[in-house]
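A.B. asks: Listed in order, the protein sequences are those of chains A and B. Heads up, the first sequence is in my numbering, so the first residue is 1 and it goes up one at a time. Heads up, the second sequence is in my numbering, so the first residue is 1 and it goes up one at a time.
No wet-lab data here; the hints were simulated from the structure. It is possible that some hints are incorrect.
Identical chains blur together in the list; that is why a pair holds if it fits in one copy or across any two.
Cross-link-like lysine-lysine pairs, in silico, DSS-like; alpha carbons within 27 Å at most [what the hints assert, rightly or not]:
| # | residue 1 | residue 2 |
| --- | --- | --- |
| 1 | 94 | 84 |
| 2 | 38 | 12 |
| 3 | 152 | 94 |
| 4 | 84 | 12 |
Number of protein chains: 2
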Amino acid sequence: MKKEWDTLEVLKHARHDWLNRLQLIQGNLSLNKVDRVKEIIGEIIVEARQEAQLTNLNLPQFASAQLTCNWDQHYFRLDYEVNKSSTIQHLDDKVLANWTNELFEILDASVEKFQENHLSVMIQADEEETRFFFDFSGILINTSNIIQFLEKPLNSTMSVRATAVTDEEISFEVFTIAAERV
Amino acid sequence: MKKEWDTLEVLKHARHDWLNRLQLIQGNLSLNKVDRVKEIIGEIIVEARQEAQLTNLNLPQFASAQLTCNWDQHYFRLDYEVNKSSTIQHLDDKVLANWTNELFEILDASVEKFQENHLSVMIQADEEETRFFFDFSGILINTSNIIQFLEKPLNSTMSVRATAVTDEEISFEVFTIAAERV
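Can you make the complete structure from the sequences, with help from the hints?
C.D. replies: Encoded structure:
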């Protein structure tokens, strides 16, 4: 189920994430590793830029689902990357967000808990078409649920294609059906 | 008017604030002022702790009003300090938050714009009673509105007392009437 986050909760989680980053800086500083600190700051700035790009995609519900995913108690960690970031005009944000939240639930029910389960999402938002690449790595105890879920299109314009499914890896992409026909 | 913030907006503003802090660290690091960086990190941690204390007061709407105030376009800057932080049980959060938002509006209408206008809020949450101390410093073009506003009690249990009003400073406190009778 999707959880609605209020201002204080969002701030609490954001504060926690940022304090973790700060702690990393502080730790390296206390070891006099100034160059490492500069690298870490560079990495944080890249992450923040990615977060801003995700926010600006014009898919607010989908972006929220990505940005708050690791704050929920899931049995996997999520990271995302926005590869190209044109503002998306023609996708149904709500459908995409619901589908993503359903994916998270199915993953939770299908992975071996407390393992290094990881979901990477790469968003490639071109002016002509947008593609979402998902790569899961970890340990799956049930792939049939996921396969079944990936066989359904999201709606009449968005579909899914699985490109690899094993017990330790699943790759699939969400694409617009119109774009595929070209 | 109180604005409702959504997850992406809250994250955007929080990110902006944290990146400003990071830039301060980065700037001092590039000048090799490692000791200053350590001080700055210490200050950030204190601020984050204050934010957490404000969050934990059990006054979510009031805390949200404080935490998001500087993200709105006000003609003053706000800072807050939580002096003691027992969990508050007996105050009407909604009344307090509405009153605070009304105060912000009246201040906006009463200060000279684009001056160094500053509102400090100090929250002293004891187990027996809670007091909120407000200190404004800056330039006021209209004090009568504010005086009028401060003369009204918030509700039957919370009242306001102005302790100083000039064209450049106003101090007042919100206290529980029951506590005052003791």
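A.B. asks: Check each numbered hint from earlier against the structure, then list the numbers of those it violates in ascending order.
C.D. replies: none
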